[in-house]
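Colleague: Residue-level listing of the chains:
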Amino acid sequence: MDTPASNAPNEAPAIGLRAIEKWFGDRAHPVHALAPTDLDVPAGELLVLLGPSGCGKTTMLRMMGGLLEPTAGELTIEDQALWNGGERQGEALSELGMVFQDANLFPWLTIEENIALPLELKGVGKAQRLARARELTKLVGISGFEKRWPKELSGGMRQRAAIARALSYDPKILLMDEPFGALDAMTRDQMNLELQRIWQATKKTIVLVTHSISEAVFLADRIVLLSPRPGRIDTIVDVPMARPRSLDVQATPEFQTIARTLRHRLNEIS
Amino acid sequence: MTDKTLPPATPPAHFGASKGLTRETALPWITTPLLLIVILATWHFYVRGTGISSFILPAPSAVWDSWMDMLSSSRAWRHTWTTVYVTLMGFGWALVIGVSLGVVLGRTRWLELTLNPFIVATQVIPKVALLPLFVVWFGFGATSKIIVAAVLAFFPILTNTVLGVKSVDAGHRDVMTSLNATRWQIFRRLELPSSLPYILTGMEIGIVLAIIGAIVGEYLGGNAGLGFMLVSKMNGYETDGLFAVIIQMTLLGFIFYFATGALRRFAIPWHQSVDIK
Numbered sequence: 001m002d003t004p005a006s007n008a009p010n011e012a013p014a015i016g017l018r019a020i021e022k023w024f025g026d027r028a029h030p031v032h033a034l035a036p037t038d039l040d041v042p043a044g045e046l047l048v049l050l051g052p053s054g055c056g057k058t059t060m061l062r063m064m065g066g067l068l069e070p071t072a073g074e075l076t077i078e079d080q081a082l083w084n085g086g087e088r089q090g091e092a093l094s095e096l097g098m099v100f101q102d103a104n105l106f107p108w109l110t111i112e113e114n115i116a117l118p119l120e121l122k123g124v125g126k127a128q129r130l131a132r133a134r135e136l137t138k139l140v141g142i143s144g145f146e147k148r149w150p151k152e153l154s155g156g157m158r159q160r161a162a163i164a165r166a167l168s169y170d171p172k173i174l175l176m177d178e179p180f181g182a183l184d185a186m187t188r189d190q191m192n193l194e195l196q197r198i199w200q201a202t203k204k205t206i207v208l209v210t211h212s213i214s215e216a217v218f219l220a221d222r223i224v225l226l227s228p229r230p231g232r233i234d235t236i237v238d239v240p241m242a243r244p245r246s247l248d249v250q251a252t253p254e255f256q257t258i259a260r261t262l263r264h265r266l267n268e269i270s
Numbered sequence: 001m002t003d004k005t006l007p008p009a010t011p012p013a014h015f016g017a018s019k020g021l022t023r024e025t026a027l028p029w030i031t032t033p034l035l036l037i038v039i040l041a042t043w044h045f046y047v048r049g050t051g052i053s054s055f056i057l058p059a060p061s062a063v064w065d066s067w068m069d070m071l072s073s074s075r076a077w078r079h080t081w082t083t084v085y086v087t088l089m090g091f092g093w094a095l096v097i098g099v100s101l102g103v104v105l106g107r108t109r110w111l112e113l114t115l116n117p118f119i120v121a122t123q124v125i126p127k128v129a130l131l132p133l134f135v136v137w138f139g140f141g142a143t144s145k146i147i148v149a150a151v152l153a154f155f156p157i158l159t160n161t162v163l164g165v166k167s168v169d170a171g172h173r174d175v176m177t178s179l180n181a182t183r184w185q186i187f188r189r190l191e192l193p194s195s196l197p198y199i200l201t202g203m204e205i206g207i208v209l210a211i212i213g214a215i216v217g218e219y220l221g222g223n224a225g226l227g228f229m230l231v232s233k234m235n236g237y238e239t240d241g242l243f244a245v246i247i248q249m250t251l252l253g254f255i256f257y258f259a260t261g262a263l264r265r266f267a268i269p270w271h272q273s274v275d276i277k
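Chains as they are written, first to last, in this note's numbering: chain A, 1 to 270; chain B, 1 to 277.
Next up, chain B with everything else stripped away, as it sits in the complex (with noise of 0.2 Å):
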């Protein structure tokens, strides 16, 4: 071994340059539009070439047009937020039910045996057949929807935690117990944080069925809502106007699901799953 101090030394000078933008991270930035615009190029000359009636195939500037239309149209935004609405209120049942139940069945062993077929005998029975039957109890007003939506968001976020409580680890378990924790203080600093991740991942599954659950009801009855108006769309023969409603219902759940994927950056930023996206 020697003793000599190496001189101060500079890295190469392609060490860390390209760091952020290499060949993975930034080529998807000009080929996802680049595969957009064929498509849209595809479905455009399709159109022209065949001639196909704009009943049953729109071409994309129409349905560009008939979107912007809507954007400007009060109305339309009046449904969009009723859509809004009705899945954020059904998802949000479904998350404080769903949660408090989770850590409860995870916790009680005999309890979760007990229900465990009643929970499955829920999702077994297509949850959308349930909507006439809200609809009677219920009224054509936003209760039934909201309840339809709860009731599809509802199982993954309840499986996920009693999944979340079932898997903390057993040694961190020892600390507790070796530090002669109360049963509230194993759940609040323990049990609640270690199944935040499994939560999560509830929610990002549960936002997207709540959506599905709102927009499924607002088809079968009422007069107000994205699923509403797609009716109305279709009705009406406005093929453009039925894609841009879509076109809506899609912005929609984009934002709902990068919003918890950002509250799971915000939640858990100690989890590994954040490092991975």
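Isolated chain A (complex conformation) (with noise of 0.2 Å):
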């Protein structure tokens, strides 16, 4: 769990990214999708990767997740390495839970089974993790709903279900690839202030991939700009807006230009 020493400077990162390095394809038509990356994420802090398609954001993300195997470099979780030897390290995969753009619930679950999924997996037993379901539901949003069929539920809500079961087993990190993105204006608005109260309940670690620069801004500690062809960190942008933001925030001066530097910049290197 969180410590109230997280942010001391000499504290190891929650994540932490030396030199890595991703290429796609084969040795005839390779494609550099991230060059030599470095990168710290402190624990606490709710970090947006933002960029044009192309540019390496969520593979990098997907890195992080354990899904893809960097081609070089070192990568940790919570001080420990993810990757040894090709083999993904059960240790530091059981401090990360990552959201997807789709909600990727299974339909034959019901909406309890499927938050409570990663535990059944972990072998908690039946009674203990639906009591977390349950917990977890009130958390995100969708109590009462614990019965039902993924397809009985609108988008929005699905989403909140499938960050329920990133958050049933407790990681000290969530990943989110573009976990609004599908979503309509509104119901994303929403839901950037659930993520918000929940970052701020639980004093997760959340890294978010997007390319959306309002949202980047709402939510974000820190804005990691990233450039394509090959995918690399152009600028980070500390965004010191105080929290809880409402959504009235994105009418200030201040959100006003922190936007219009990153919408600049990304014209420029897109």
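No wet-lab data here; the hints were simulated from the structure.
Short derived list, chain A residues pointing at chain B, Cβ under 8 Å:
1. GLY65
2. GLY90
3. LEU96
4. MET98
5. ASP102
6. PHE106
7. PRO107
Ideal Cβ positions, reconstructed from N, Cα and C, are used throughout, including at glycine.
Both chains are given apart, each in its own frame, so use the hints to dock them into the complex.
Modeller: In structure tokens, the structure reads:
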């Protein structure tokens, strides 16, 4: 769990990237998806990866989540190596929860069974894991829908369930790959507010990928702007606005200055 | 925006009243039996009008009487149960082997490529032509017919299972991978339930083919089953009895087909194919 000293400067970062690099394709047709990259994500931070398509932001996130093996470099989760000789390390993985653009709920499981699935895989007893699922539906705001099928829920509610599933085994880190990209604008704003609330309530470290500038500025402590061909870090922007932020923050000069700077830079690099 | 609360409202009178029995759903309850009556009447008057020999085409009433006789004869029921037994045994074997092999082939590309020519070969052989061979090997008893039924039902179950395992959603796989699931967990919790709609489709086709296999098997050898009964009615020039056996077979087919359909509602209530029906 979170410790009061989590902001101490000498503490190991929640996620550490050392010269992480990714190539796709083969020797004849290599594609440089991510140039060697260094990045530290301190514990408790909400970091946003922002960039045009093809900038390697999803590649970077999938490597952090253990779904893609880096071609070179070293990746640490809570000070433990994630990859070791081509094998993912279970200890490091259990500190990670992933949320994807699609909720990816299993349609043959009810909402509570979906949320409890990670616990089931870890061998937690039924009563205990369903109790945890109920606790989480309350946290993400879908209590009362435990026994429903995923197809009976709206897109926003399904994504809430997906967040609950990622939180079920209480990982320290949440990795989110354009989690609200498939939602309509109004639901998306609502989900941004909810995510901020959940983040403040659970004190997780969050890395979130998006291509929406306003989503990035609204949510982030820091924004990492990536540029394409090959993917690399272009600039890192601090967002020092107070929390909790309301949707009205988007009308403030501070918000608009950061958003404008990002938009100009994005136009230059893409 | 106003903050006024609306008075409690009731929906208009026509709302929801006709749900369940609209013209589209109610009409077939009349038109389907009507069509059946028209067919039977045409048959009846054709036989009456032309005076056609009852060897060629018996009147519907004669067929009905013959079928009623059949239903009250214990010998006919014994033959029916033989066919049911052969069909279900053949189908059962096809299901067990088809699903287990399909799951393995769906996950193992090299094995699929290796076995594919052989599997296709077993399909392009007219399987009924293998029956004499099975009779030579296993005799005139139930075994040779069970094998024919199984061989016929096997292929759609296998191909649908392979398709199901291959169609597992990539995003769902990502979820299991990020959760560090074991291969067994991926099979048990993802691949199997995800393929179930496909397997059930294979079963719906397979059960019908199993009946065909059983009956054709009974034609050719042995002294039991509806297929055998059909042949003996033919040899005895009992055309009305022939029709009665055909009715019995058709009913059997209906029961098996709808049983697998009911299985779909029971086994995969979450799937969209359940809503459509």
